[in-house]
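Fit chain B to the supplied structure of chain A, relying on the hints for placement.
Residue numbers (numbering that gives the first Met the number 0), protein chains in the order written: chain A, 0 to 151; chain B, 0 to 162.
What the hints contain is simulated information worked out from the structure, not anything from laboratory work. Accuracy of the hints is not assured; some may be wrong.
[As the list claims (entries may be wrong)] Derived contacts from chain A toward chain B, CB cut-off under 8 Å, selection only:
no.	residue
1	Val87
2	Met95
3	Tyr103
4	Leu113
5	Glu114
6	His117
7	Gly119
8	Ser121
9	Ile122
10	Gln136
11	His139
12	Gly140
13	Leu142
14	Leu147
15	Val150
16	Ser151
[To be verified] Over 12 Å on every C-beta distance to chain B, these chain A residues come out as not near it, computed from the model:
no.	residue
17	Tyr92
18	Gly102
19	Lys107
20	Met127
21	Ala145
Beta carbons: idealized from backbone N, C-alpha and C, even for Gly.
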Amino acid sequence: MIPLPESPMPARGRFELRTWYVSLLLMSCGPRQDTGCLAQIKEIEGTSYASNQKAGTITTAEPTIEKETRSEEDLDVPWQVVVHNDPVNLMSYVTMVFQRVFGYPREKAERHMLEVHHKGQSILWSGMREPAELYVQQLHGYLLLATLEKVS
Amino acid sequence: MEIRWRNDKIELSELDPFLTELLRQIPASADTSGAPAAEQRLFSSPTNGKETEFCSEWKMYVEPELRRLFQTATQTVAADLEQLNGNEKSLANRILRIPAKHADAWLSTLNQARLVIAAKNNFTENELNDHFRSPIGSRRDLSLFQVNFYGFLQEFILREMAS
Numbered sequence: 000m001i002p003l004p005e006s007p008m009p010a011r012g013r014f015e016l017r018t019w020y021v022s023l024l025l026m027s028c029g030p031r032q033d034t035g036c037l038a039q040i041k042e043i044e045g046t047s048y049a050s051n052q053k054a055g056t057i058t059t060a061e062p063t064i065e066k067e068t069r070s071e072e073d074l075d076v077p078w079q080v081v082v083h084n085d086p087v088n089l090m091s092y093v094t095m096v097f098q099r100v101f102g103y104p105r106e107k108a109e110r111h112m113l114e115v116h117h118k119g120q121s122i123l124w125s126g127m128r129e130p131a132e133l134y135v136q137q138l139h140g141y142l143l144l145a146t147l148e149k150v151s
Numbered sequence: 000m001e002i003r004w005r006n007d008k009i010e011l012s013e014l015d016p017f018l019t020e021l022l023r024q025i026p027a028s029a030d031t032s033g034a035p036a037a038e039q040r041l042f043s044s045p046t047n048g049k050e051t052e053f054c055s056e057w058k059m060y061v062e063p064e065l066r067r068l069f070q071t072a073t074q075t076v077a078a079d080l081e082q083l084n085g086n087e088k089s090l091a092n093r094i095l096r097i098p099a100k101h102a103d104a105w106l107s108t109l110n111q112a113r114l115v116i117a118a119k120n121n122f123t124e125n126e127l128n129d130h131f132r133s134p135i136g137s138r139r140d141l142s143l144f145q146v147n148f149y150g151f152l153q154e155f156i157l158r159e160m161a162s
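Same shape as in the complex, but just chain A (with noise of 0.2 Å):
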């Protein structure tokens, strides 16, 4: 992730080009909703997500077809959603994110967001497999680098 630098952007809302000699040549180079597919898969299981604007809440529907795609230990095991660093998320939009997919007070998404910065990754959420895979699939929604992870 990297911060915004203060010269030659400047934090005023003014963008200045300064000495840039730039060729206008040089120039031909060349929300928001949620998804919910994998809430499908899981209506065809039986379960279904209630809310993907509230991120973690499902309820479960009376299961209509019974359609086993994963064992039971799977679901059973706990989970993680994993972030990791990238080196073009600004740190103020990962931290924007953590606030809104899980629902962080802005201290504890900071938090997170430095240790995706100094260690490379950080453990946003913990728990069964559904919400964490939506978790993951907001995430991606933002365009981070987020992984669903077996907790060892």
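Below, chain B without anything else, positioned relative to chain A:
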């Protein structure tokens, strides 16, 4: 270029032709076509490689949904940028007004563009942190400048949203 929040809109004024052109290139810059590295970054693996069944489900069901999500955001941005259409002469001192309700779409598209440009150019972390690299003398320098400029816009939008 001046950027400020005004009447529920983000207003970019005093735009010179160069920055105007950079803004107009945002949607095209977010396009991963023909760039496997960029494609791989935008649609990264949801696991550490051990969950093959989950990965194939993800590819089949989630990835298309993510594509739609990103495309919708890009289309919103492209529509806002139509304000900048015109001949080159008229590009001087143009104003771009972005409705507040489009802020999320802008954040997403600017992020897509930055990630795609960085992946296409394979920028190192040192390069990305070298904000004083100048003057722009090559395509690579220009791309790095784009990443930083789009980052500046993101930062402004984030700060305004937070306040």
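So, going through the hints one by one against the coordinates:
This hint holds: Val87(A) has a C-beta 5 Å from the nearest C-beta of chain B, less than the 8 Å allowed. A hinted interface residue such as Met95(A) counts as satisfied when its beta carbon comes closer than 8 Å to some beta carbon of chain B; here the least separation is about 6 Å, so the hint holds. The interface hint given for Tyr103(A) is broken, as the beta carbon of that residue sits about 14 Å from the closest beta carbon of chain B, more than 8 Å. A cut of 8 Å between beta carbons decides the hint on Leu113(A): the least distance to chain B is about 16 Å, and the hint is violated.
Residue-level restraint check for Glu114(A) is violated (minimum Cβ-Cβ distance to chain B is 17 Å; threshold 8 Å). For His117(A), the interface hint is violated, the least distance from its beta-carbon to any beta-carbon of chain B being 13 Å, above 8 Å. This hint is violated: Gly119(A) has a C-beta 12 Å from the nearest C-beta of chain B, more than the 8 Å allowed. Violation of the interface hint for Ser121(A) is found here, the shortest Cβ-Cβ separation to chain B being roughly 14 Å, above the 8 Å cut-off.
With its C-beta approaching chain B no nearer than about 13 Å, Ile122(A) sits outside the 8 Å limit, and its interface hint is violated. Satisfaction of the interface hint for Gln136(A) is found here, the shortest Cβ-Cβ separation to chain B being roughly 6 Å, below the 8 Å cut-off. With its C-beta approaching chain B no nearer than about 6 Å, His139(A) sits inside the 8 Å limit, and its interface hint holds. Proximity of Gly140(A) to chain B holds as hinted, the smallest CB-CB distance being about 6 Å (cut-off 8 Å).
Proximity of Leu142(A) to chain B holds as hinted, the smallest CB-CB distance being about 5 Å (cut-off 8 Å). Hint on Leu147(A) holds. Least Cβ distance to chain B is approximately 6 Å, under the 8 Å limit. Nearest Cβ of chain B to the Cβ of Val150(A): about 13 Å, over the 8 Å cut. The hint is violated. Interface restraint check for Ser151(A): the shortest CB-CB distance to chain B comes to about 11 Å, outside 8 Å, so the restraint is violated.
Distance check on Tyr92(A): its Cβ comes as close as 6 Å (rounded) to a Cβ of chain B, failing to clear the 12 Å threshold; non-interface status is violated. Annotated as non-interface, Gly102(A) keeps its C-beta farther than 12 Å from every C-beta of chain B; the closest such distance is 16 Å. The beta carbon of Lys107(A) is kept farther than 12 Å from every beta carbon of chain B, the shortest such distance being approximately 15 Å. The beta carbon of Met127(A) sits about 14 Å from the closest Cβ of chain B, which is more than 12 Å, so the claim that it is off the interface holds.
With a cut of 12 Å on Cβ distances, Ala145(A) falls inside the contact zone with chain B, its closest approach being about 7 Å.
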